[in-house]
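Q: Chains as they are written, first to last, in numbering that gives the first Met the number 0: chain A, 0 to 306; chain B, 0 to 348.
Don't read these hints as lab results, they were simulated from the structure. Among the clues, some could well be false.
[Stated by the list, open to error] Footprint (simulated), chain A over chain B, 3 or more residues, beta carbon under 8 Å:
| hint | segment |
| --- | --- |
| 1 | 110-123 |
| 2 | 126-139 |
| 3 | 250-263 |
| 4 | 280-292 |
| 5 | 296-308 |
All figures in this text were calculated on a predicted structure; none of them were measured in a lab. Yeah, the Cβ is synthetic: ideal placement off N, Cα and C, and Gly gets one too.
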Amino acid sequence: MVAITPEVFAATGIGTIVLGSLYALMALGFTLIYSTVRILNFAHGSFFMFGAMLVWFVSAAEAPASYAGAYLLSPLNAPLGLGFVVAIGAMFVAGMAIQRGINARLLRMRSWELNTLVALFAIAMIVQSGTIVTLGPFSRDFTPIATGLLTFGRLNISNAELVRFAVAVSVIISIQFFLKKSRHGLATRAVSQDREVASVCSVKIGNIYVLVFGVGAALAAIAGILLSNLVFIAPEGGWLPLIRAFLIVIFGGIGSVPGTIIAAFLLAFIEQYTALIFGFAWAFPVAFTVMILVLILRPRGLFGLKE
Amino acid sequence: MKTRLTMKHLLGIIALIALAIWPLIAPHPYIVFILTLVFVYSVITKYYNLLMGYGGIFFLTPMIFMGISGYITAYLTVKSSVNPAIAIAAGVAGATIWSFTFSALSMRLRGLYMALYSMIFLLLLFNLFQNDAPFIRAYTGGSIGIFGLPELVLGGIEFHKFMAIPYYYLTFVIFVVAVLVFYRLVNSSFGLRLQSLRDGETYASTLGVNAFRMKIYSFAISASFMGLAGSVLSLYWFSINPPIFSLDWVLLFFAMVVLGGLGTMWGPFVGTLILIPANNLLTIIGPYRLLFLGAIVLVTVLVMPNGIVGKIEEKLASRRATPGTTGIFPRMVFRKALSTATADTAEQK
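Generate the whole structure from the sequences, applying the supplied hints.
A: Shown next, in the form of structure tokens:
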């Protein structure tokens, strides 16, 4: 167990803030989809993972020695920035395509809740095994976004952390702008509040669904890209973020963006400090147990709107 | 409930006798193996269907109960030298008790929340059982699991001998019992109450259906059968390990039930019958197998959301279409009438 010096404590605090912003990003996409299209996007984790994988695919030099050439596709050695653009754009388009092609069809059915769940789970497994097959089953990391350290007295903040935090926060703020100020954002909010009335006000529901799903997928991809700079990313690495997003959304309350953000930071806080005190192995179970308890005691979450 | 002896029943009885007799006449080891697995997994998928298709409870992870029971059995037989038969019973008891905890905690979760709740538990269990910390590993065998289970011996017969035909009969009997219990449950007031909860919980509770009790009971019954299957499997394989809590199993069971047909009596069995041999054959292509399974599930849910058996029932019903019913499942008519509050999305363009 690490001796808990003030430096370590502060470093964990910094980690909480950075991680919290990334979790918030991930959860934001999830709650956007849930409050608008009303489906739990089981494939959200795979969007997260695949976004990161796409960046790797575009920008990595080559696969690790033992895997090189063993799988269908080897990475193109392109600049990192291009990788980001391609990954986010591709996930945005993919999300829209999935909504248009698959979900739209399923939403018309009687048992749409179950069927969308099944379909999205299947998509998640397809993406996961597709990644294993084409890109290889190994976990990977890629070149950090930024190197270097900022030092304030005894406090060290790495530039990478700063960049992550800055990107996450700016994306969240721009989403807020989008929702509050733009026409499509207004339409999205209308659909999430009352779908029938929104359609009466000549909002094309189907198109809003497509947009929202695409945006949600893109948000997951951004979160995945940012987070995978921190940790290794493996094809199976989508499920944990999905569960985190779900817990955050439940804890913060459906349809409440501030609630989601607060809940995200809370989860990061619990995870990080549990890891500090009890070790990494316990961070996961403890955080989830806490959240499940909250789920049981207050199913609506902290700031949940009425369903 | 009186039922006439129709052609369907006759065919069923013939099939039953055929399945019971053929291993004594011309046993083929691979087919015995496949059918044994089919019977075991059919039990699981049948009760998976009870919870999901008939109960509307989106419980995605039967391996929670399967695995716990299997681990209990493994632990008792390996670390405590308990007679395997008793260990099976203990496993079933353990799974059932665990189901009480599980369902009690999930009482207030409806629909989709239950889905993620079950996934969370699965991941938690996976983490727990593959943890290599010494005090956990003593009980669960850590990431390698528990192996070296003793042979199941009943009445002097070692079950793996004779091409494992004793296992065939064991699983066959379990399967028949499971089907009979299922049939009695579904066609009784219990079944009606369960389906009413699926079709409209608020309405059903005004009619006096106790959702809490129904959930506890359904989970308990399902857990005991799933546990039974899990224990038998762990003895069949002489081992149990953490991958039983992994996601490929979820996909496999999902695929079997979705392909066969949720909410139908024989759907899961048909799905299992098709997919178990297929799954076995597909292991040749390694990682592509999951890709295939995922694709099968996706295509099935898009094209035949009620599965193969559902499609057949639709065809049969439309042939003798009577005015006034939707022709598919009469209960769907009630659901349509009740689901005013739920987001019944129709004609979304």
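Q: So which of the earlier hints does this model not fit?
A: none
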